[in-house]
Each structure stands twice: as C-alpha cells, then as structure tokens.
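Position chains B, C, D and E relative to chain A; hints supplied.
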Amino acid sequence: MASARKRSEKSGLPPGSLVYVGEERHEPVRVEVITYDLRACTQRIVSPEELDLTPREEEGILWVNLDGVHDASLLERIGAVFGLHELTLEDILNTEQRPKLEIYDRYVFIVMKMLWYDGGERRLVHEQVSFILGEKFLLSFQEGVAGDVFESVRQRLRNERARIRSEGTDFLCYTLIDAIVDHYFAVLERIGEHISEIEDELIREADHQTLQTIHQLKRELVLLRKSVWPLREIVGAMERREIPFVTPSSQPFLRDVYDHIIQVMETLETYRDMLSGMVDIYMSTVSNRMNEIMKVLTIIATVFIPLTFIAGVYGMNFEHMPELHWRWGYAFAWGIMATVALGMFIYFRKKKWM
Amino acid sequence: MASARKRSEKSGLPPGSLVYVGEERHEPVRVEVITYDLRACTQRIVSPEELDLTPREEEGILWVNLDGVHDASLLERIGAVFGLHELTLEDILNTEQRPKLEIYDRYVFIVMKMLWYDGGERRLVHEQVSFILGEKFLLSFQEGVAGDVFESVRQRLRNERARIRSEGTDFLCYTLIDAIVDHYFAVLERIGEHISEIEDELIREADHQTLQTIHQLKRELVLLRKSVWPLREIVGAMERREIPFVTPSSQPFLRDVYDHIIQVMETLETYRDMLSGMVDIYMSTVSNRMNEIMKVLTIIATVFIPLTFIAGVYGMNFEHMPELHWRWGYAFAWGIMATVALGMFIYFRKKKWM
Amino acid sequence: MASARKRSEKSGLPPGSLVYVGEERHEPVRVEVITYDLRACTQRIVSPEELDLTPREEEGILWVNLDGVHDASLLERIGAVFGLHELTLEDILNTEQRPKLEIYDRYVFIVMKMLWYDGGERRLVHEQVSFILGEKFLLSFQEGVAGDVFESVRQRLRNERARIRSEGTDFLCYTLIDAIVDHYFAVLERIGEHISEIEDELIREADHQTLQTIHQLKRELVLLRKSVWPLREIVGAMERREIPFVTPSSQPFLRDVYDHIIQVMETLETYRDMLSGMVDIYMSTVSNRMNEIMKVLTIIATVFIPLTFIAGVYGMNFEHMPELHWRWGYAFAWGIMATVALGMFIYFRKKKWM
Amino acid sequence: MASARKRSEKSGLPPGSLVYVGEERHEPVRVEVITYDLRACTQRIVSPEELDLTPREEEGILWVNLDGVHDASLLERIGAVFGLHELTLEDILNTEQRPKLEIYDRYVFIVMKMLWYDGGERRLVHEQVSFILGEKFLLSFQEGVAGDVFESVRQRLRNERARIRSEGTDFLCYTLIDAIVDHYFAVLERIGEHISEIEDELIREADHQTLQTIHQLKRELVLLRKSVWPLREIVGAMERREIPFVTPSSQPFLRDVYDHIIQVMETLETYRDMLSGMVDIYMSTVSNRMNEIMKVLTIIATVFIPLTFIAGVYGMNFEHMPELHWRWGYAFAWGIMATVALGMFIYFRKKKWM
Amino acid sequence: MASARKRSEKSGLPPGSLVYVGEERHEPVRVEVITYDLRACTQRIVSPEELDLTPREEEGILWVNLDGVHDASLLERIGAVFGLHELTLEDILNTEQRPKLEIYDRYVFIVMKMLWYDGGERRLVHEQVSFILGEKFLLSFQEGVAGDVFESVRQRLRNERARIRSEGTDFLCYTLIDAIVDHYFAVLERIGEHISEIEDELIREADHQTLQTIHQLKRELVLLRKSVWPLREIVGAMERREIPFVTPSSQPFLRDVYDHIIQVMETLETYRDMLSGMVDIYMSTVSNRMNEIMKVLTIIATVFIPLTFIAGVYGMNFEHMPELHWRWGYAFAWGIMATVALGMFIYFRKKKWM
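Chains as they are written, first to last, in numbering that gives the first Met the number 0: chain A, 0 to 353; chain B, 0 to 353; chain C, 0 to 353; chain D, 0 to 353; chain E, 0 to 353.
In short, the hints are calculated from the structure, not lab data. Check each hint, because a few of them may be wrong.
It does not matter which identical chain is meant; a pair holds if it fits inside one copy or across any two.
[To be verified] For lysine-lysine, the following BS3-like pairs were computed, each having C-alpha atoms within a straight-line distance of at most 25 Å:
#1 K294 x K350
#2 K349 x K99
#3 K294 x K351
#4 K349 x K294
#5 K217 x K99
Isolated chain A, as found in the complex:
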C-alpha cells in the first residue's frame, strides 16, 4: 500500500518533477567513480560536491555508482552532464517503478529491483537499482538502504586478466545484472527454508497463525514475481540485441542470465504450488482435529448415556420393583452396565474409532 500512498502525493505535479518517493534519508549520497581499461583501473569515493563528471573519452570506461537517490539536485547535475531526459531522472527518484528498459537516443535506461529477505520479520525488502548504459559510461543508482551486491564486481575489475577489463560497458552492465540475479537465489534459498519450517509446523501444531503465515508468504512471492517477471523481457531484449551498445560477444552471457531468471521464475512457481498445497493440508488438519474431538465426545457420551439411564431406572421410587429386592440386584445392575459398556467398546473398535 505504501506504493499507492506515496504515488498519490505526487499527483497533480507536472511530469518530470524531481520528487523523491522513498524512505526518508539525510546522510550525503555516497558517490563512487571507477574508470578502467585494459591497462588500469582506478576507484575513488568522492563527495557529491567534488563530483566533476566532464567525460574524458581517453580514459576508457567510466562507471559511476551512487548509493542513495534522495539528493535531487545532485541528480539534476548528473542529468545535465550525461544528457538524461527529465522523465529518466524522475523515474530514478521514484523508487516505486516496476522493472523496465527504455531506449533513448544517447543511452539505455534500465530499472531493476535488488532483493533482501528480512529473516526476523519474514518479509522481502526491495530496493530499486537504475542503470544508465551509454557507449562509454555506465551509471548505477542504488537506493542504498539495505545493502550492496556489487562488491564481487569491483573485485573482478581489479583483476587485470579478468575478461571484464577488455569488454565494453555492455559487459559491465551484464555483470551487475548478473550479480543482482545471483542474489535472488540467496533470497529464494531463505524463503525455501522458511517454507520448510512452516511445513514442519503444519504437521506438528498448525494453528490459525500458520495459515496467516502461509498467505503472507504467498503475498511475498507475488511481490517477488512482480520484480522478476519483467526482467525476463529486459534481458531477453538485450540478448536479442534489440538495444544499442550490446556487442555479440556479450550475447552468450546475457542468454545465461536469461536462463537464471527463468530458473528463478520456475522456483517461484514451485513455491506457490507448495504453499497452495499447504493451505489444503492445513484445512484438512483442522477438520481432522475436529474429527478427533468429535470422536472422543461421541465415545464418552455414547458409553455413559445408556449406563446413566440404567442407573436412573433403578433410582426410580416405584413401590413394586422386584429387582430392588433381589439379593444380587445391585450386582445384576452392574452386570448389565458392564455388558453395555463392553458392547459399545467392541463396536467402536470395529469402526476403528479407538
């Protein structure tokens, strides 16, 4: 619902209004500038103020990574330097975008979701990541609230003999997307563990809470699906080279990412099916327990009600009740009662209720 609320506050503003709709943050944006080519790779952390981005074509490939998109003025400066469309800037700020790929004249704009699974609260945290893929530069914008999965990419960049050093911005972009998609598997793994726990709980002691957890998890999967599904088309379009700046040598790698996304989708579907089956099992567990309770009631009641009746009969005060005066009357009454109880017991045994 958060999405709808925040979105509605923006309504009425002209398009291209740079308003940040996300969690409030106050610390300065962390800006990381990496330049590399076959020979060298430099990495600097600069403050937003120092940032001087006059493109220097001689230096090879430029990767600017921002941790935080809440500084609208910084974004505006970057937008001016790289010639970004006002709607692109607006979309980077609006962290409620769905994943998409848009082709502009001088760059390609990609929006994705990075995901974390909060084990404590058992819910997905998602963070928007935007990429601006140009011929000689790549800009990446992270919300910067939950974490970073790009460390492995930085390490690879430092390795002189890594393939990434000799490829273009498209390969860098692929590597970053791959890092994000790889992280999805970790999230799925956590969810899978959670599902296993619920499965155990279902058999041991399912209660109303369990059902709500299942539905909660189902909802998380729907959200996850919404983050992953559009990715399929984005990476598919890149792989078919329908967008500029993608070289043939990156194609097999993009096809690989595409396969991973499909695998994530299929695991998601499997999880959904499992959760649906678990609702069935829960329902059956509940009605099973009901049956248990009813059985106990029925056994106790049907055994004792006739016995109580017999006791009641001999508690009547008629003057002329021959049994009352028999020597073994009392024993006789017990005998009848024992017979009835035994009969009932045998009957229930036969019915497999006991």
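Below, chains B, C, D and E without anything else, positioned relative to chain A:
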C-alpha cells in the same frame, strides 16, 4: 445492472439517436473555453447559449471542456461545428461506454472513466470522460456528477514557462489523461486502506458481514479493472504513434502514463489476491471458532457425564448396596468422582485442548 | 442435451440432406417480402405457394423474411432462385448451429441466435436466425417459435427520411443484427434482476434450492456466452470489411455493434463472478447456521450438565451425607447450582457466544 | 495407464519396429477392397493372403479398409505396395497414438479415434482409425475391436447418383471422417443421459459413490477431449487446403465437419462445467445432511436436558425440601417441565429449526 | 530447495567459472569412446588420463560418452579440443540447468533430464544429460549417479545393418534423445501404479498421510513437467531444422519423438487431474466419516436422553406421586420408555440414518 437496464430502454431506436443515458440532471451545462499559445492563455466560462465556436486558427490551441453531457441540443451544435460523426455524439451521451479509442478522418475520439471512491458507502463512483482530439482543438466532456481532476492542468496552463504551453493538442490530451490516471492511485490508496481495515476485522471478529464486504470489494475491483484495462491499449496505441496528431516529443510522456497504468493493474491484481486469501482466512476462522465451541462442549460433557453416571449409581434404590452403608461411603464416591475428573483433565491437557 | 440427441438422429445421412431438426411445427411458414429504395417501400405477406422470387434488379433492395424454417420444400425453391449451396440450406434447417459467418461466391451466410428469457421457468429460450446477404437482396430465416425483434426495423424502413432507405443491403443487415444484440441487453437485465433476487434470498433464507438455482443460472450464462462469443468475430470480420458487400459508410455502425457485443460479454463475466461469489457466501451461510446450532446446543448442555450432576450427587442414597440433614441444605444446593450457572453464563458472554 | 505400460515395453527398440501394441487378437484381418468411379462400384472381401494390390489407375478410386491391425506382415506388404514410410506403419500398429496429420511425399497420413460408450461399465472405448490418403487411393485401418461406423458410407457409394461417386479421394476421406464425428454425437448423447441420471441421484440420495462416479465421468471427458481436440487442427488444415489432394469443392464440406467438431468440444466443456457444479452440490448436500442431524440432536438434547435437571432436583434427598410435601408438588413439577419444553419449542420454531 | 542452495554458493563468481554443483563424487569419470561408420564400429573405455581426442575426420562419426561431470579439469581439456565456449562447460557442470538448446558457431548444445522413479522413497530422481552435437562428433555428458539408458543404442550401433550406421550425428543424437524419452514412459508407468495404489487407499482407509502423499506426488509431477515441457520446443526446433547438422531424413524420426513428448505431457496432465479429483474425494471421505460419527452420537443420545428423563421423573421424591403406588407402575414406566425408544427408532429408519 444499471447499465443493462438503461441500455435496454434505448433498444429499437435508430443508430445515432441522441439520448442521454445517465443520472438525471437539470442544471445548465458548464462550458469552459480555454485558448492558449506560447504567448497567452485565456479562460472563459460561457453559458451554453453564448457558445460561439467558429474555429479561429490564428489563436493557437483551443480546449473546450463541458461539465455535463445531458444537453443533447448543445452537443448537436458542437458536433456540427467540429464535424463530429453522429455515432461519436451518441457515445458521448451514452455514459455506459467502455474505454475506447476511435480514429475518424478529422479527429480521434477517446472514452475514459474517471473514478472516485465513496468512503461512506464503500463503493466506486465512475464518471465518463470523452476527448475529441483534433489538430488544433481538444474537446473534453465530463459527466460532471462527482468531481473534477483537471484543476492542476489549468494551473499549469497559466504558467507561462510550462512545457505544455509550447506543445500541441497531443500534449494537452496526455496531461489530462495523466491527471485521470494519477487520480486512480488515490482511489487505490483508499481501497488499500479499506482492505487493511477488513484484514484487522478478520482477525478480531469476523462475521458473515465481513465475507460479504470482501465479495463486494472484489466486485468493485472487477469494475475498476474493466475501466483501467482497455486504457492500456489506448495509451499504448498513442505511444506507438498509431494515431494521428501525436508528435514524437510526447512519446516518452505517454510511455510514462503507460507505465502508471500497468502499475495500477498490478496493484489491482495484488489486491485481488489479498482478498482471495482473506476468504480462505475467513473460512478457517469460522471453522476454528466451531472447533473452539466443540472443544468446550466436549470437555464439559466428557467430564460431567461419567460423574453424573457415578452419582446415578449411588442414587439407585437397591436394598443391598454395601457402599451406601459404609462410614466413608459418601467421601469414597467423591473420591472416585475427583479421580475421574482429574484423569479427564490430564487427558485433555495432553491433547492440548485446554 | 437436446442438441446432441437431435443431431445424432441425422447421423449417417449424406451431407446436404434437408432435414429440419427443431421443435415440430405444422402451421404454414409466414413469408414477408419487402422491397425498398429511396423513393418507395412495399411490404407484402405472401403464402409460401404464391412466392415468386424472380429477382428484379430495377426495384432496389429486396428483403425476404421467413418466420419458420420447417418447410424444407419451400427452402429448396428459395435455394434454387438465389443459388444457395446445399450445405447452406442444411444449416438453415439445422437449428442447432453455433453462430458463424461463411463466405460463398455470390452471398455471405450468417447464423446468429435470438434470445428470450423465460421468467416463469427461469431459463433462456434461443432461436436461430440465419441471414443470406447478397448484393441486392437479404434473406432472413427465423425459427419463429418465440417472438420477433425486427418490428422496429420495419418501422424505420417505412420512414422516408431514414438513413436505412438510402443505404445498401449491408446497412439493412447491420440494422437487423443491431436489433438482435439490443435485445440481448433486455435479456441481461432480466437475468440481472433474477441474480438480485437470489442475492436477497441468500441473506434471508438460503437453502439447498438456492444453490441449485445459482448453478442453473451459471449454466444459462454459459449457454448465453456460447451464443454471443462467436458474434464478436462475425461482426469484427464485417467491420474490417473482410467480407464482400460491406461499404465503408457502414463501418462505424458495425464498430458500434461490436462495442455492444463486448459490453454484453463483460456483463456476462461480471454475472459469472457474482454467482461464484454467491456460492462462497452460501457455503459460509450454511456453516454459519451450523455454528449457531452448535452454540445453542453447547450453551444448554454445558450449563445443565454440571447442574444435573449436582442434583445427582444429592440424590445419592448414602447413609452418611451431612448436607442432607442441614437446615439450609436444599437452599445450599440451589446456591451452588446458581453459582455454576452464573459462572457459565459469564464465560459465554466473554466468549461472545451469547 | 494402459497406454504408458504398453508403450514402455517398446522402449529400446529401433524406430520403425513393427510391434502391435493393443488388445491381443488372433482372428485373421478382414480386408475389404472397394473400387468405384462414376459408372461402377465393386466391393470385395478378400483374405489377407489373396490381397493383390497392384494399383490399377484406370479403375477410378480404390478404397482398402482393414478391420484389424495386428497382422504386422500384412501391413508390411501393404506398405511396400503403396510406398509407406516405416514410421507410418509403426504408427498404424501402435494404437496409442494421439490424433495427428502427417504429410509425406506421396500420401497424407491421418490418425483419428473412433469412440463408443460402454453403458454397462460406463466408460469410453476408443479405437484407433488411420487413413492413408493418396491421389487415387485411400487406405483405412481400424482396430476392429468395438464396431464399425462406415456402413452408411458403403451404402452411399452403392447409390449411383450420390455426389461421392463423382468426387475424388478427398471427398471419400471427408465422408469417413464425417461418419466418425457424427458418431461422437451419439456418444455425447449417452454421456448426457448418464449425467442427467447422476443429477437426479444427487438430489435423491447422494452418497460417496456418487462423487466417485462424477470424478470418473470427468476423467472420461478428459479422455474424450484428448481424442477430439487435435481433430480440430487436422480438419482445419484440410479445409484451408494446406495439404495435398484436397479439391476446392470439398472445402465447404470440410468446414461443415469442422463446425461439428467445435460443437462437440463445446458440449464437452458444458458437460465439464455441469460436473464441476455437481461436485459443489454434492458437498453442500453432505453438509446439509450434517446440519439436519445436528438439528435433531440439538432439539432433543436441549429440550430434555433441562427437564432431566428438574427431575434430578426433585430426586434429591434433602430432609427439608418444602415442595416435596406440597399437595400438588408433583403436578407443580410437571407444570415447570411443560413450561420449559414449550418455551424451547417456541424458540426452535422462531429459529426455523422445526 | 537443493537447487537454490547450491546455486547461491556460486554467486559472485565470474561467469564461466567451472564449479561442479551436484552430488559429491570421487570415483574417476568413466569415458567411453565409440567411433563408427558404415563398415566398422569400435568401442573403448578409456581412463580420463589416456583420453586423446585429436579429431580424426577419416574415421567416420565419433561419440564420446562421459559418466560423471565432476572432473572439471577433464572437461576443460575436452572443451579445448572441441572448441567449446566457457559458458557451455559451466552449464555442463551446473547440473541444475533446465532443458535447453543453444546454437553456437561450431556445435549445438542440448541439455536434457534423465529420470528415474525411486519406488522406495516414492520420488523422482533426475540426472542431467548434455549433448554437444557437432558435424562429425557427438559428446554426451551424464551425471552418472542413477543409471544409464543408452545400452540399447550401443547394441544398435553394433548391428551392421542398422539404419543408425549409415546416418549422421543428428540421427545418433535423435536415437539418444529417443532412448531418454522412451524411459519417461517407464517412469510414468510407475507413477501411474502409485496413483492407483493411493486410489485404493482413499476408499479403504484415507488418513492425513494420504493427503500428504497426494500433494507430494503432485509436486513430483510439477518437477517432471518442468523437465519435459522445454523438451517440446527443443525437439520441435530440431524437427523444423532450425538448427544446423539436422538432415531431412531425420525429420520424420524427430517428429515421432515430438509426438511422444506430447503424449508424456498429456499423460502428466491426466495424472494431475486425477490427483486433484482425489483431493476432493479425500475431503469428502473425511466429512463423510464425521457424518458417520455424528449419526451414532445423535442416535444414542436422542434415544437415551428422553428415557433418562422418564427414569428421572419417577426418581423424584414427592410425597404424592400416584404412579409410584400403582401395582403395575414399574411396568407402566417401562412401557412408556419402550414406546419412546421405538418411536425414535422408526423416525431414524425413515430418515435413513440407520
């Protein structure tokens, strides 16, 4: 059902018959005439009678906005001035149309739905909005029963430096559609709050009424979906420039609206899934409560039925019942009864029924 | 099932065998011959024997309307005059066709369903209508069992200034199809009322019968859908002018009919969703009532079973029961019983069962 | 399951191995040779040994019909004469094929299913029919276990003036397919009757068995659907003349068969919907009956438990119980009990439980 | 879940990293080298170290089959000899791939799943098989954990007159795929038997365990479907000759495999439908049993509660109770009780509860 009823009254009339099918209204139609170009912007409210619409090409762009479509003769005059097809006029009057886009020789005809959420009665109110998009003019027809979301557009028009002042009718049309779609988010937000309320209610004290509210809400979502779904194709067709009068510079903006519509659709789907899950939870709550009731009955009955039986036994009137004459007979009976009750109590504890 | 039965009786016959499969009828077929052009319009009812159909091109447009298709020999004569394919004739007679459009060299063959809603038996009655659309003639074949919706068309034809008088056979065909589709709205309105009635019944006093009515209605909607769905393609093909004899000036009108058909389909879907929701509500109503019953039983039983036990205790015949001899023993027993009853009462209040 | 078992026994064999997988049969294959043209039609039953199939082009059209495909050597001889591919022969023998159409250089290979409904065991029997459609010959292979629906075709062939005598092999093939599809209607009719019976049973006395019959029938419909669905594409491909040997004059007839197949499919869907609805009704019937039972228990228990309590009170042995000594004490007790019973009775009446 | 876990351990590694993700294995990989042409066929088992794979074009077709893919260095050597892309090698090692077909410049890469059904644990075991199809060579990589289904192919290769000896690598590849698909039928047969067993169990003595088995089986079918579904496209692409190295003479054979895959899919769907129906039947069985229990309780309680009341009445201690002093009072009481019991008995008989 209103739709079917009203529609059927029209059956048998020749096509193009101008009959208003909507809520009855008697006040005169409010006509607003706005003309603007880069230099100036004039806005006038005129009475239907004064309306003189001879197009004056030198004046820039003309926007005529009508609040109310119940004045068939006024519509006929407008139709004559702008050369509208008889079926176009009929569709503007018939407020039960589904959203659509029709291309005529000299104009494009667009039908949309504006939506409000009536918090009191918890139901959607929808109002039809029709646009006639010409090269130099844009006509908008609102039913005028619930409200107006175009105020922000008027304000932007008054701003001399706003982009809208330098663009054509296509950008004006985009701005109006965007205002309507932006309002959908407000409606979704209200529905989202309502769903949260029901969710709380479900856990606290679900009754039969709750289920009906859920189904009611589901139905509203279906109606909402019917209003939004065809929009996707309309705006998609505009963005792909399959219709006349759309300039390339408006394309990124239309793509933006398109994204918003998709976002509305996805939120709708999420809400539907949540409501479906809530039916499950309701059903389980009801059967849970049943279990609760059964448990209490069973515990009470199974504890006291054997006790009553024992009391019954010692209420029998046999002459020879040794226990009756024992000194501690009475205490002995209480002892047996206490033992049985305690045994039952332990059994229920073990079964986790208490 | 009627369809399958009748159809199977025809099996084994060579194709093109003219056998009438429908309700048996004996009265002569009513043949109506209408010719019109801009200047004049003549309408005659002729007996099948008198029918002379040598086409007279000079007379403008010829519309022959038959009320009844059970006279195979008459059909054969008509087929010979207008050059109809043997399978066309067979399909006109076989009133179990699904709606379809077939293009032959010299004419277009259209099959549709006219619908009535029988309020008494609460079921749909459908009647087949076939059209033969030629360049200068239109033949229409109604089963003639339930009614006629073409009266409004006849009236319009008599009006000298009506557009229909100046258009071709395609416009006449459109007008007839429009009349049939308009009638669908009346049928939907009736079904909608019926659904509202059931909705009220559901809340007041749902019983097993209600569920069967809901399923019955669902089935009717499936039948209705089968009659309407193929129409979409038929009218769509006409509107796109994929078939001969359709002039551009009829296109907007056909698009209008197309919209109406979509509207019928959407209303149908909404009704289906409503009925599905009603099954849920019925199920919940039934289990709710069960809960009610269980509550009453539980309250009565759990209150009185302990009381009965106490009474039983003091009905025991032990010699040494001190309470029996107390002055206020009886009052003391009532005191205990009142306390227990009150405790139970408070417990149930707290549980909100009372 | 039979299909999977038999199929697995073939696994490991090279493709084109001629192994008969079907019911074991020992009688010789019945071979029928029919030749016809406009002037003459001869029909002979020959033993497999006599079969001499050197094609004689001068004789018109040759139709060879085999009742039984268990004689692999006979098939091999036929395959050699007509130049059939080894996989074609394998598919004819393997009676677990799904319907399909395969185009080879010199012939078209069509596989279909003939169906019977075994009323006793209430299950579908299906038999594979394969056609080899050449320019001047048509071979048909039936399993020959259940029956034959081609008799009507033979009769038509004997009729000198029948259209079939003047048309090519495509028309003969159409006639045979039409005979098979016509027979589907008879099968549907039988299933429809069966469904009606179950519907009655549902209302009268539904038990666990009924549910299983419904599911059994659903399964039969799934099987039926699997036999009919691919036919749609087969006949559609023939009608669009995407395969050789089909002449334009057969097109309207194939379109006719196509319509019949659609009709069969729609009836199937209707039946499935009906059966699904019947599961709902069954479930509701069962819970309804439960309600009935619970009501009776509740009424009896809640009426008598308080009465028993009152009787218990006056069965207590306190010394000082004034009522016991009243003159009308006994009548007074009956009075209270009658009042309580009456009160309960009125309460239940009000609740509509009685 | 295994898949997600293992996959996540690889995250962060550069693409093309050769890491084996599968069951741990230590024995050396079994390498089998087969060369054949029309005249000769040689088969050798070599140790990984001896493997010398310099391609010798003069020798005809080379088939290298590896049982085990856990030896990354061996794979690297093979990759170097045959010019395999680094991602291909990675995919061969990563045994969690979904079936796919990838076209590279010099070879076609195919991934499939081989399946076994573990009867003891009642679960599917799947093993990845990868094929590298070159013009003159075919490499096959099996995980080698569960078994081998290629023995029949080896036998056919030894047969001098077998078709396979005269065809190319495409036919060999088809034969191997066919062997795998054929084995699916055996797996389906086992699952089918298992389903039959559960069906019997459902009727005899369904318990909570049965439901879990059904859901377990449903899950296995989902996994099976995921292994088979992509195959359809793979073999379809081969059959349409969209990939290199496929000759026209293999086309009918590939079409045959395609048909088998469709048949597997359809059997899967049938099994899923059956299992869904079985959940319904289980649910109904459980509620049926509940009804049984309730009936017994109701009969016993409603018969004895009134009787106990009567006994209670005559156990009251009023001074003036005329019946108590009647000569046949006791018999009279028994008479009333017998009458009530009989009445109840008749009532239950009429209601068909007994």
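Going down the list of hints, with the structure as the test:
1. Proximity of K294 and K350 under a CA criterion of 25 Å is satisfied in both settings, with 11 Å inside one chain copy and 13 Å between copies.
2. In this homomeric assembly, K349 and K99 never come within 25 Å of each other (Cα to Cα): the closest approach is 66 Å inside a single copy and 54 Å across copies.
3. In this assembly of identical chains, the alpha carbons of K294 and K351 lie at most 25 Å apart whether taken from the same copy (11 Å) or from different copies (16 Å).
4. Proximity of K349 to K294 under the C-alpha cut-off of 25 Å is found in both arrangements, the shortest distances being 14 Å within a copy and 16 Å between copies.
5. Only within a single protomer do K217 and K99 lie at most 25 Å apart by alpha-carbon distance; the minimum there is 24 Å, versus 29 Å between protomers.
In this structure, the one hint that does not hold is number 2.
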